[in-house]
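Undergrad: Residue numbers (my numbering), protein chains in the order written: chain A, 1 to 111; chain B, 1001 to 1114.
Misleading hints may appear alongside valid ones.
[Unchecked claim] Restraint ranges, calculated between C-beta atoms of paired labels, are given here:
(1) B:Gln-1084 to A:Asn-27: 28 to 36 Å
(2) A:Asn-65 to B:Asn-1030: 27 to 35 Å
(3) A:Asn-27 to B:Arg-1064: 26 to 34 Å
What the hints contain is simulated information worked out from the structure, not anything from laboratory work.
No residue lacks a Cβ here, since even glycine has one placed at the ideal position from N, Cα and C.
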Amino acid sequence: RKEVEQDPGPFNVPEGATVAFNCTYSNSASQSFFWYRQDCRKEPKLLMSVYSSGNEDGRFTAQLNRASQYISLLIRDSKLSDSATYLCVVARMDSSYKLIFGSGTRLLVRP
Amino acid sequence: DTGVSQDPRHKITKRGQNVTFRCDPISEHNRLYWYRQTLGQGPEFLTYFQNEAQLEKSRLLSDRFSAERPKGSFSTLEIQRTEQGDSAMYLCASSSIDRREKLFFGSGTQLSVL
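Sequences and hints are given; from them, build the entire structure.
TA: Structure below.
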């Protein structure tokens, strides 16, 4: 079983739609959580951190449920430019701090 | 451009040959990571350095893989006796110690083993 599991999609939505991605992680020692974005044939880039209380960044909302070991990303008012792969990422706050990436969820926003 | 740079961008080699990749991180970053990514998968952790010290190496990494970061600046990743299963995009990333979660990735080296 992978440490970070995501629905691969693709999610195909019209412009203006609201779309949500889910992610589960298996290691309860995971303490930090993030969403990265990867455009086609490009390198991943940090989109946002995920905090226990939930957090927003413009049209993007991230939620964390530690009890269920579940992370979500909500995108409101989808834009064509949101088309990308969204990678769920976890890290353990120990001496070997490293980021573990999920396989990603692909989003296609159509006109 | 002061981002992470990787060289070469593409490498085609025959099975059994050795290959070496180079990564130049952002100059003020003391943490450097190597990841491997195949189509449809997320980046898979290989190893990481804090300054010149290699602090962790993935158990998935065979003895054919070795990485160095002399003097805590650039890093090299060598794969000996390449196999077709080594074909992948090899990504290097760096981060600062106060923002460990924000990895800056290079454009990667695409390895094809024939």
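Undergrad: All the hints need checking, so say for each whether the structure fits it.
TA: Quick rundown of the hints versus the structure:
Separation of Gln-1084 of chain B from Asn-27 of chain A is about 31 Å and conforms to the stated range, judged on CB atoms against 28 to 36 Å. Between Asn-65 of chain A and Asn-1030 of chain B, the C-beta spacing of about 34 Å keeps the proposed range 27 to 35 Å intact. Distance hint for Asn-27 of chain A and Arg-1064 of chain B: a CB-CB separation of about 28 Å, consistent with the stated range 26 to 34 Å.
The earlier numbered hints are all upheld by this structure, with none contradicted.
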